[in-house]
Structures are given as C-alpha cells and as structure tokens.
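**Q** Sequence:
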Amino acid sequence: MNKNDLKLLYIIMLEDCHYTFRFCKSRKRCIMEQKQIFAAVARHFGATFQEIGDFLKCTHATVFNLVKRAWGYMDVYPDVKRRYYRIRDEFEYRARIFPLWIND
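Numbering (my numbering), first residue to last: 1 to 104.
Hints were generated in silico from the structure; no laboratory data involved. Keep in mind the model is a prediction, meaning the values are calculated, not measured. For glycine and all other residues, C-beta sits at the position ideal for the given N, C-alpha and C. It is possible that part of the hints are untrue.
[To be verified] For lysine-lysine, the following BS3-like pairs were computed, each having C-alpha atoms within a straight-line distance of at most 25 Å: (1) Lys3 / Lys68; (2) Lys28 / Lys68; (3) Lys68 / Lys81; (4) Lys68 / Lys7; (5) Lys7 / Lys28; (6) Lys7 / Lys57; (7) Lys25 / Lys7; (8) Lys28 / Lys57; (9) Lys81 / Lys25; (10) Lys57 / Lys3; (11) Lys68 / Lys57; (12) Lys3 / Lys25; (13) Lys57 / Lys25; (14) Lys81 / Lys28; (15) Lys81 / Lys7; (16) Lys68 / Lys25.
[Unchecked claim] Pairwise CB distance ranges, derived in the manner of DEER restraints: (17) Cys30 / Tyr85: 27 to 37 Å; (18) Ile97 / Ala61: 30 to 40 Å; (19) Val76 / Ile97: 31 to 41 Å; (20) Arg27 / Ile97: 32 to 42 Å; (21) Arg27 / His60: 11 to 21 Å.
Using the sequences and the accompanying hints, generate a full structural model.
**A** In structure tokens form, the structure reads like this:
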C-alpha cells in the first residue's frame with residue numbers, strides 16, 4: 001500500500017465521519033475510533049505499521065495499539081464492525097475503479 005492509497009482511504013473516512021482526525025492529538029472516543037478503523041483497514045490491505053504511523057504522524061507502536069483495539073472493539077460493538085466492513089468495501093471498490101488515482 002503506497003501513500004496515495006492511504007490518502008484515498010483517508011478521504012473515504014472523511015466522507016464517512018465528516019471531520020478530520022489525521023493530525024488530532026485528542027483522546028476523544030469518536031476520534032480514536034476513526035483512527036482505529038483507519039489503521040485496521042490500512043493494515044488489512046498491506047500497509048506496514050511504520051507507513052500508517054508516518055501518515056498519521058504517530059509511532060508504529062501507537063498504530064499497533066490502534067489495530068489491536070480496533071479488532072477488540074469489533075468483537076464487542078457491531079456498529080464498529082459494520083463501519084469497518086463498509087469502509088473496507090468502499091476502499092476496495094474505489095481502488096479497483098480508479099487504480100491510478102493520484103491526489104495532487
């Protein structure tokens with residue numbers, strides 16, 4: 001997964017939640033949940049912890065914990081699981097339709 005794919009995933013997440021979470025240092029649940037889902041989806045499509053951390057401006061250890069918590073929340077909260085699958089499917093659809101998508 002390259003940087004353009006992470007940007008596409010971030011745009012899909014912005015369309016879903018309607019607020020930015022990339023550079024936020026907040027620990028509010030709504031922001032952390034979006035970061036967790038973003039990291040889990042990016043990890044599903046092959047992004048490394050370091051690539052995701054560089055994109056979100058955090059360490060790879062933080063990304064590891066985001067992914068671990070996302071999978072834990074998906075086991076307990078069906079709404080988080082639905083959102084994860086919806087975003088994952090939307091990313092997969094857009095990546096196939098626009099394989100050479102580049103944001104300038």
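**Q** So, for every hint listed, does it hold in this structure?
**A** Hints, verified against the model:
1. Lys3 / Lys68: holds (22 Å)
2. Lys28 / Lys68: holds (18 Å)
3. Lys68 / Lys81: holds (14 Å)
4. Lys68 / Lys7: Given pair Lys68, Lys7 holds - Cα atoms ~22 Å apart, limit 25 Å.
5. Lys7 / Lys28: Holds, at about 23 Å.
6. Lys7 / Lys57: Given pair Lys7, Lys57 holds - Cα atoms ~13 Å apart, limit 25 Å.
7. Lys25 / Lys7: holds (19 Å)
8. Lys28 / Lys57: holds (17 Å)
9. Lys81 / Lys25: holds (24 Å)
10. Lys57 / Lys3: holds (13 Å)
11. Lys68 / Lys57: holds (18 Å)
12. Lys3 / Lys25: Since the Cα atoms of Lys3 and Lys25 sit roughly 21 Å apart, the hinted pair holds (cutoff 25 Å).
13. Lys57 / Lys25: holds (10 Å)
14. Lys81 / Lys28: Holds, because 19 Å separates the two Cα atoms, which is no more than 25 Å.
15. Lys81 / Lys7: holds (22 Å)
16. Lys68 / Lys25: holds (19 Å)
17. Cys30 / Tyr85: 27 to 37 Å: At 19 Å between Cβs, range violated.
18. Ile97 / Ala61: 30 to 40 Å: holds (35 Å)
19. Val76 / Ile97: 31 to 41 Å: holds (33 Å)
20. Arg27 / Ile97: 32 to 42 Å: holds (36 Å)
21. Arg27 / His60: 11 to 21 Å: For His60 against Arg27, whose Cβ atoms are near 19 Å apart, the range 11 to 21 Å holds.
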